[in-house]
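> Here's the letter readout for the chains.
Number of protein chains: 2
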Amino acid sequence: MKTYLECIPCFMQQAYRAAKFATHDEEKIKKVLDSTGEMIKSISLNVTPPETGNHIYKNIRDITLNNDPYKDIKNANINEALKLYPELKMRIQHADDPLLTAIRIAIAGNVMDLGVNKSYNIIDDLQEILKQDFAAFDYDQFKEHLQKAKSVLYIGDNAGESVFDRLLIETMGKPTTFVVREVPVINDCVEEDAVASGLDKVSEIISSGSTAPATILSLCNSFFIEKFNQSDLVISKGQGNYEGLSEVSRPVFFLLKAKCKVIARDLGVSENDIVLKGINVKL
Amino acid sequence: MKTYLECIPCFMQQAYRAAKFATHDEEKIKKVLDSTGEMIKSISLNVTPPETGNHIYKNIRDITLNNDPYKDIKNANINEALKLYPELKMRIQHADDPLLTAIRIAIAGNVMDLGVNKSYNIIDDLQEILKQDFAAFDYDQFKEHLQKAKSVLYIGDNAGESVFDRLLIETMGKPTTFVVREVPVINDCVEEDAVASGLDKVSEIISSGSTAPATILSLCNSFFIEKFNQSDLVISKGQGNYEGLSEVSRPVFFLLKAKCKVIARDLGVSENDIVLKGINVKL
Chain E
1 MKTYLECIPC FMQQAYRAAK FATHDEEKIK KVLDSTGEMI KSISLNVTPP
51 ETGNHIYKNI RDITLNNDPY KDIKNANINE ALKLYPELKM RIQHADDPLL
101 TAIRIAIAGN VMDLGVNKSY NIIDDLQEIL KQDFAAFDYD QFKEHLQKAK
151 SVLYIGDNAG ESVFDRLLIE TMGKPTTFVV REVPVINDCV EEDAVASGLD
201 KVSEIISSGS TAPATILSLC NSFFIEKFNQ SDLVISKGQG NYEGLSEVSR
251 PVFFLLKAKC KVIARDLGVS ENDIVLKGIN VKL
Chain W
1 MKTYLECIPC FMQQAYRAAK FATHDEEKIK KVLDSTGEMI KSISLNVTPP
51 ETGNHIYKNI RDITLNNDPY KDIKNANINE ALKLYPELKM RIQHADDPLL
101 TAIRIAIAGN VMDLGVNKSY NIIDDLQEIL KQDFAAFDYD QFKEHLQKAK
151 SVLYIGDNAG ESVFDRLLIE TMGKPTTFVV REVPVINDCV EEDAVASGLD
201 KVSEIISSGS TAPATILSLC NSFFIEKFNQ SDLVISKGQG NYEGLSEVSR
251 PVFFLLKAKC KVIARDLGVS ENDIVLKGIN VKL
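Chains as they are written, first to last, in this note's numbering: chain E, 1 to 283; chain W, 1 to 283.
Check before you lean on any hint, since a few could be wrong.
A pair counts as met if it fits within one copy or between any two copies, since identical chains are not told apart.
To be verified - Each computed EDC-like pair below joins lysine to aspartate or glutamate, with the alpha-carbon atoms no more than 16 Å apart: (1) K28 x E6; (2) K259 x E192; (3) K71 x E192; (4) K20 x E6.
Hint data in this document are derived by calculation from the structure and do not stem from the laboratory.
Please build the complete structure, drawing on both the sequences and the hints.
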């Protein structure tokens with residue numbers, strides 16, 4: 001997805017929020033804002049927003065010297081999700097359509113996103129998303145791809161959400177590789193978060209190599225790229241990965257809740273809609 | 001009021017909103033954002049936010065070559081308010097406390113503010129504000145100052161709101177000078193808006209000389225400064241004027257609805273609260 005003009009004030013808002021999370025030192029926060037402001041003239045509208053995010057969050061790490069400000073929140077989110085795991089597992093097992101219920105639950109987990117300026121309550125959001133209509137629903141195509149797939153590449157998004165991803169991976173029952181970010185960025189899932197979520201029990205965990213809050217192929221390592229090209233089914237979770245991967249040429253299924261109106265518009269849906277959308281998918 | 005760190009992303013948001021209002025040319029909007037971003041490092045937290053606003057909105061005028069993008073909206077707001085005028089006039093006349101009702105109506109007009117990112121419906125807001133409790137209510141002091149006053153300086157804020165200000169001026173019944181901005185900035189009231197609101201019938205209209213979306217004494221002309229120092233009662237409408245005047249040494253009564261959480265916090269109230277607050281007011 002390209003960068004829209006309205007992403008630019010949002011970058012500044014994100015930088016402020018993340019800097020405040022990383023430090024209480026007002027001078028450092030001001031320095032983050034000053035340098036983010038200076039970056040703006042170099043932002044091309046032709047790159048994806050998380051490519052700019054990559055520079056912004058690195059700059060925040062450099063200035064605040066805090067490499068993982070969201071660590072405690074990530075752990076709390078993972079623990080909260082793990083507590084829900086047994087009940088959700090049962091709910092999936094007893095559902096009329098276990099796969100679809102697992103997809104809905106995985107999307108509900110996508111509300112645990114500290115990159116957007118929204119509060120959430122995972123229990124309430126779960127209840128809502130379990131009933132909500134999909135704004136894009138390529139479920140038949142998804143099932144067909146899944147049925148034929150010998151391997152699944154599942155590109156994770158946030159920590160905590162990762163526990164819900166595990167439920168979907170278990171429900172799909174295929175050999176799966178779960179992809180995490182290379183370094184902590186916002187509350188995105190890194191390797192230790194994936195392990196804490198129990199994903200090591202149900203999948204191989206690899207890093208994409210991306211330090212951005214998204215999967216941006218030009219920032220990814222060759223091992224990931226090979227997996228990305230060769231996997232039979234690629235599932236991409238969340239907004240950041242959509243922003244990074246929406247224009248790739250291979251089939252990808254995006255699972256997300258549209259929490260930002262720019263991304264919603266790019267997807268052709270409304271804010272707060274839930275989405276199961278395949279690109280380059282033939283039947 | 002000093003500039004808080006969280007004002008800085010808001011400046012960028014305001015610049016984007018105002019630039020989009022002023023032009024459809026995406027390159028010009030990007031240029032506004034680039035140059036606003038560059039300005040950030042020169043923003044001191046020790047100046048008031050509208051002093052920075054002064055540079056931002058001038059920059060938007062210079063880049064877009066549109067000196068009054070809100071002209072049509074201002075006229076529409078004035079006409080909408082003029083249609084309500086007879087009914088509101090009657091309401092004040094039949095109220096138990098006409099002065100207090102007129103103050104509430106003048107505050108309700110303060111929702112017509114295109115500098116903040118909020119939509120409004122003047123009819124609904126009127127109904128609510130006519131019943132709402134004040135979060136700061138220096139009414140006794142206000143009445144005492146008004147009773148003794150031979151002259152009132154009424155510093156206006158937005159166009160449209162100005163019609164509601166006229167009702168309060170008529171209700172107070174004192175010789176009044178109504179103060180407008182020197183040039184169009186956002187939807188703030190300039191001389192022709194004040195005349196279109198009928199304020200010329202009930203007051204002398206003067207410009208403060210300020211080109212900022214606020215009254216900032218260092219930007220004001222000497223004629224205004226003299227009036228400001230000599231008037232028996234100074235009424236300041238709206239957030240911008242509060243930001244500019246909250247630390248002056250003379251008595252001022254602020255009438256506003258707190259639409260921004262930073263200003264609300266500075267005032268010691270909550271967002272959406274209504275305020276009648278006197279500073280340097282002795283009884």
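> Have a look at K20 and E6 and pick one of within, between, both or neither, based on CA distance no larger than 16 Å.
Answer is between: at 10 Å across copies they meet the 16 Å cutoff, but 22 Å inside does not.
> As a check of your reading, is K259 near E192 (CA-CA no more than 16 Å) within one copy, between copies, both or neither?
Cα proximity of K259 and E192: none, with 26 Å in one copy and 43 Å across.
> From the Cα coordinates, with 16 Å as the cut-off, is the pair K28 and E6 best called within, between, both, or neither?
Classified as between: cross-chain Cα gap 13 Å, same-chain 25 Å, threshold 16 Å.
> Cα distance capped at 16 Å. Does K71 pair with E192 within a copy, between copies, both, or neither?
within (11 Å within a copy, 56 Å between copies)
Checked against the numbered hints given earlier, this structure breaks only hint 2.
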